[in-house]
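Can you build the whole structure from these sequences, using the hints too?
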Amino acid sequence: MNEQLLLGLLVVLPFLGFLFNGIRFTSKNYKLAGTVASTASGLCFLISLTLVAKLIGMPEGERVITSHFFDWFLAGDFSVSASFLLDPINAVMILVITGVGTLIHIFSIGYISHDERPSKYFAYLNLFLMNMLILVLGDNLLVMFVGWEGVGLCSYLLIGFWFSDPEKAAAGMKAFITNRIGDAGFLLGIFMLFLSFGTVTFSEIATRLPETAEMMWTGPITLACLFLFIGATGKSAQIPLYVWLPDAMAGPTPVSALIHAATMVTAGVYMIVRMSDVFVLAPLVMNVIAIIGALTALGAATIGMTQWDIKKILAYSTVSQLGYMFLAVGVGAFIPAMFHLMTHAFFKALMFLGSGSVIHAMADEQDVRKMGGLKKYMPITHFTFLLGWLAIIGAPPLAGFFSKDEILWYSFASPAGHWSLWVAGVIAAGCTAFYMTRLMCLTFWGESRVPKEVHPHESPVSMTFPLIVLGVLSVVGGWIGIPHVLGAIIPGHPPNVLEHWLEPVVRMLKPEHASAAVEFALMGISLSVAGISAYFAYDFYLVHKDRPTMVTKKLGGLYSLVSDKYRIDEFYFGRIINPLIDLSKGLWLYIDINFIDKMTYLASDMVKGSGQFLRSLQNGNLQQYALYISLGVVVTITYILMGS
Amino acid sequence: MLLSLLIFLPLVYALIVMALPARFSRPVSLALSGLHFVFSLVLLARFDVTTADLQFVEQMDWVKSFGISYFVGIDGISLWLVMLTTFLTPLTILGSWTAITDKVKGFHVAMLALEATMIGTFLAMDAVLFYVFFEASLIPMYFMIGIWGGARRIYATVKFFIYTMFGSLFMLVALIALMFMTQEMLGGQMSASILDFYKLEIPFVAGQFLNSQTLLFFAFALAFAIKVPMFPFHTWLPDAHVEAPTPGSVILAGVMLKMGTYGFMRLGLPLFPEAVEYWSWLFMLLAVVGIIYGALVAMVQPDIKKLVAYSSVSHMGYVVLGLFAFNAYGLTGGLYQMLNHGISTGALFLMVGMIYERTHSREISQYGGLAKAAPWYTILFVIVTMSSIAVPMTNGFIGEFLILLGGFEANPIFGAMAVLGVVLGASYMLWMVKRVFFGGEGEIVTKYKSAGLDLNIREAVVMAPLIVLIFWMGIFPNHFLRGSKASLEHLEKNMRTYELGIHNPSQKDQSEKYSMAEERGE
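So the sequences go chain by chain: A and B. When we follow the numbering used here, the leftmost residue of the first sequence carries the number 202, and every step to the right adds one. When we follow the numbering used here, the leftmost residue of the second sequence carries the number 71, and every step to the right adds one.
Hints are computed from structural coordinates only; laboratory data are not their basis. Built from N, CA and C at the ideal position, the CB exists for glycine as well. Treat the hints with care, as some may be off.
Not close to chain A: a few residues of chain B, all C-beta gaps over 12 Å, as computed [unchecked claim]:
id, residue
1, I86
2, L164
3, A247
4, Q278
5, Q283
6, Q371
7, Y380
8, E470
9, L472
10, E511
Which stretches of chain B does chain A cover? Using the computed rule of at least three CB atoms under 8 Å from a CB of chain A, they are [to be verified]:
id, region
11, 219-225
12, 453-464
13, 475-484
The structure is reproduced here in structure tokens:
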């Protein structure tokens with residue numbers, strides 16, 4: 202079948218699924234709804250496979266499939282078309298989105314079976330898929346922005362899926378508005394790029410880049426990149442806009458897995474990789490991105506160590522892992538960023554779904570203090586979760602090991618890197634190992650603290666099947682990106698397939714003085730840090746259980762600061778949002794009603810007053826009229842006399 | 071005859087409604103205004119999108135000694151505003167089917183008369199005729215608020231009437247001055263034709279206020295700024311909207327506010343190019359202040375309708391920003407945003423009216439959990455909200471994007487500040503949606519939910535065309551932009567020497583042949 206049609210179908214199929222379930226949104230037939238939605242998603246995955254196979258069949262360097270649907274809008278010199286572009290970069294994305302997406306659709310069938318509105322749920326899920334595909338397939342910034350805001354909208358709808366709970370509705374709103382701040386930045390970025398390059402199409406920007414870069418002062422490009430990065434901090438939950446993501450856990454757990462771990466939140470990373478040729482021209486912004494990424498990775502990981510809600514732990518973990526990806530793009534390691542994006546999609550989706558399976562089994566309990574010993578009740582969930590745990594803490598040869606290590610190596614050795622970034626990354630890796638091990642201990646191992654009335658049980662096949670697939674991917678997913686130094690010593694010398702795939706389209710900042718010895722040494726350090734942290738967590742939560750409280754007491758204020766998430770939310774509400782609302786009330790009551798409106802009355806009173814004054818002059822009193830006449834005569838005569 | 075029919079047929083309809091018994095008023099005016107919309111589609115079909123010249127021109131002497139004529143014509147700037155008017159009128163009549171129960175006949179006469187004056191305003195090419203229609207439209211609206219309005223309707227309608235008329239008087243003085251100027255230009259013969267006004271070269275001194283062009287510009291600008299309304303001339307709007315009956319609000323926000331921005335496009339910008347260029351910063355500043363101020367004040371409104379009213383101040387601020395940015399993006403976006411605002415705010419007022427009819431409350435704090443009690447209503451409301459906050463694939467995005475791009479190009483600081491409105495707009499709308507539709511059940515919802523709060527068929531029929539347009543205009547904006555492109559390009563490229571020709575179809579054919587011959591190198 203022809204490629205253009207297939208690209209179009211990637212959007213049309215989920216849209217049809219959305220329509221089908223959207224129109225009958227009150228139906229409780231979860232099986233039908235889930236089957237239709239999963240079929241739409243599954244077909245998208247098959248199409249993606251076909252398309253990627255076609256790409257592979259093309260000669261290297263010419264792997265592009267484009268499809269022009271229609272001219273979207275034009276005004277003056279601004280014209281933008283509804284067009285898609287598929288190249289090796291978003292080939293990775295569509296496989297992850299539709300592949301992981303389909304698994305999550307299937308998982309949802311069991312998960313949402315008891316809900317009142319399964320059809321609505323699946324309608325939103327398909328709508329999300331459609332928007333996510335628009336986001337990654339768009340051949341220009343505007344089409345990307347359509348998907349960008351579209352996924353935000355779906356995220357809003359899905360976080361607030363159980364809208365009767367005011368907190369959940371508020372979480373959805375918070376996500377949308379925080380994202381909007383980023384989107385405002387994104388818009389400004391688009392404006393800057395359009396005014397600099399005269400186009401918003403990726404390929405045209407790329408062709409005009411060399412001449413423009415030579416001619417132009419880099420100021421506008423720097424600003425444009427900064428604005429785009431602000432957009433990314435919103436969507437991908439980076440400092441300072443990450444605050445919506447932990448709250449977003451109010452949504453159904455498969456949604457957290459799909460939107461808030463595997464796909465949507467990685468959009469910012471994808472966008473920067475897509476625009477990497479422009480970003481490398483703004484080294485200042487690259488540094489900012491790397492620093493923000495490192496800080497986010499570190500900050501969120503420390504918060505993760507102190508949380509008790511299983512989903513919140515995973516949420517902060519996601520923020521932290523996204524921080525790694527931004528650290529990577531910030532040091533010019535675009536391919537490792539994409540690599541980590543992919544492996545993270547596998548193991549984080551796995552763990553979120555695993556937590557969903559746990560929550561499902563625990564009758565909606567999310568507090569890890571009330572779990573423990575679930576291993577024996579839920580063997581499959583436990584085993585797959587175990588794989589996810591090993592992957593994220595970077596145990597070789599699981600997926601996370603390769604991708605995280607690539608990032609750490611680049612953050613040290615890349616020309617845009619710095620040893621301090623590496624240190625931050627390694628500490629964050631240590632924290633990651635700690636909180637994930639802690640999560641395993643509290644949830645699955647040790648003795649059970651499950652309340653008597655709850656009877657944990659293994660989830661149905663529709664839920665465990667996706668877990669198994671993702672578990673396998675979490676193990677083998679990293680093998681397509683084995684670093685060269687390791688490939689050189691492993692028997693058979695496996696190549697770095699992913700790098701080979703992306704290299705023709707992504708220009709990286711390569712380490713200049715790469716030394717295999719240093720790379721191995723650094724790898725050893727980060728591995729030992731992770732191992733030691735994991736051991737500490739094991740010791741704390743299974744062996745010497747009094748130690749956590751002891752440490753907590755010793756740390757005192759510092760601990761509560763971290764467990765209160767550095768009180769960033771409080772700061773935003775106390776210092777920005779509430780004052781803004783007070784200001785608005787003030788504007789309304791004092792400026793609008795009591796000043797501007799009063800001024801208009803003043804104006805009308807002046808008219809009225811002068812009218813009254815004039816009326817008083819003509820009161821019918823003859824003597825008074827005679828006085829006016831004589832006054833008039835006097836004035837006139839005086840004037841004439843003075844004049845002459 | 072086409073345009074005259076378009077203007078005056080609604081008056082004939084009004085007479086028919088008047089002649090028939092009151093029980094026929096609703097169906098007859100719905101049918102006739104619906105027919106009128108179909109009629110306007112004929113105009114749309116016959117409209118030539120390739121020219122910036124005036125089309126379907128009719129000109130007749132009216133007061134010859136002063137050069138005042140009955141002069142109507144249409145171009146790409148007025149085309150969609152006329153369509154918006156003919157489109158919204160039948161929907162509004164259907165939407166007020168059960169809301170207006172008192173003096174039904176009078177109401178529909180007022181509606182149809184209003185339609186005539188609004189279309190007249192958009193089609194008049196003689197300044198005096200424009201002024202007459204511009205002012206005449208106040209009268210039916212005055213009655214509509216004053217008779218069918220809420221508790222403080224008299225106060226609100228008098229304020230609305232006097233405030234807007236106050237501004238228009240300055241315009242009247244200014245256009246008389248312009249007529250005298252044409253006398254000099256045309257050698258003794260006065261003219262009130264806007265086309266003749268365009269030819270005037272009005273003396274301008276930069277940096278001074280007391281020169282003809284600046285003074286005349288500000289006289290016009292005051293009239294339009296009040297009508298739009300621009301900050302700080304907006305305080306009549308919340309009062310008028312809160313007291314107006316639903317159809318009054320829909321037409322007021324949907325069409326009448328656009329008379330102000332249309333006035334800027336037709337008269338304010340092209341007549342006084344130097345003054346506009348010199349003072350555009352002031353208008354952009356006021357527009358940006360309006361965007362942010364309107365949004366902030368909207369955020370803290372306890373009354374849904376007042377919230378929508380203040381959101382209009384914010385949205386119309388975008389339009390003004392686009393117009394005064396005066397580049398292709400800003401002008402296109404500004405015109406598009408006028409239509410968007412007509413559709414999305416019209417829809418919002420309609421929907422607020424629908425729920426008010428059932429619960430007699432517009433207090434946000436009394437609501438909550440409406441989504442459970444009225445799921446279809448909620449879906450449509452959220453779609454309209456998305457249009458209002460300019461989510462891509464809805465109409466709002468196209469307008470806002472182009473305006474912000476244009477504003478950013480013209481003045482990056484103001485442009486960047488206006489982008490803040492994108493965040494604030496989402497904030498006040500979604501916060502309202504959250505409090506009204508989500509969360510626990512509010513008292514008013516509990517009280518009335520057994521009576522059925524969801525849309526009925528009639529209301530669904532009213533909303534359907536609006537929803538369709540929201541997506542149509544968002545996904546295929548070129549279908550609409552096409553109609554205005556030539557006119558807007560003409561305005562943008564020839565600002566200093568703006569003139570409008572009169573389109574003559576037969577002549578055009580010849581020129582086309584001629585140019586084809588040229589291309590062939592003959």
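Here's how the hints hold up against the structure:
With a minimum CB-CB distance of about 40 Å to chain A, B/I86 clears the 12 Å threshold, and the non-interface call stands. No Cβ of chain A approaches the Cβ of B/L164 within 12 Å, the least distance being about 24 Å, so the stated non-interface status holds. With 12 Å as the threshold on Cβ separation, the claim that B/A247 sits away from chain A holds: the shortest Cβ distance comes to roughly 22 Å. Listed as outside the interface, B/Q278 is consistent with that label: its C-beta sits roughly 25 Å from the nearest C-beta of chain A, beyond the 12 Å cut-off.
The beta carbon of B/Q283 is kept farther than 12 Å from every beta carbon of chain A, the shortest such distance being approximately 25 Å. With a minimum CB-CB distance of about 7 Å to chain A, B/Q371 fails to clear the 12 Å threshold, and the non-interface call is violated. Not every Cβ of chain A is farther than 12 Å from the Cβ of B/Y380; the closest lies at roughly 8 Å, contradicting the non-interface assignment. Listed as outside the interface, B/E470 is inconsistent with that label: its C-beta sits roughly 9 Å from the nearest C-beta of chain A, within the 12 Å cut-off.
Listed as outside the interface, B/L472 is inconsistent with that label: its C-beta sits roughly 5 Å from the nearest C-beta of chain A, within the 12 Å cut-off. At the 12 Å boundary, the C-beta of B/E511 falls inside the reach of chain A, the nearest C-beta of that chain being 8 Å off. Three residues within the 8 Å Cβ limit are the bar, and the region 219-225 of chain B against chain A gives 0, so the coverage statement is violated. Coverage of the region 453-464 of chain B by chain A holds. Counting CB-CB distances below 8 Å, 4 residues qualify, and the rule asks for three or more.
Given a C-beta distance limit of less than 8 Å, the hint that chain A covers the region 475-484 of chain B holds, as 3 residues qualify and 3 suffice.
Going through the hint list in order, the structure does not satisfy hints 6, 7, 8, 9, 10 and 11.
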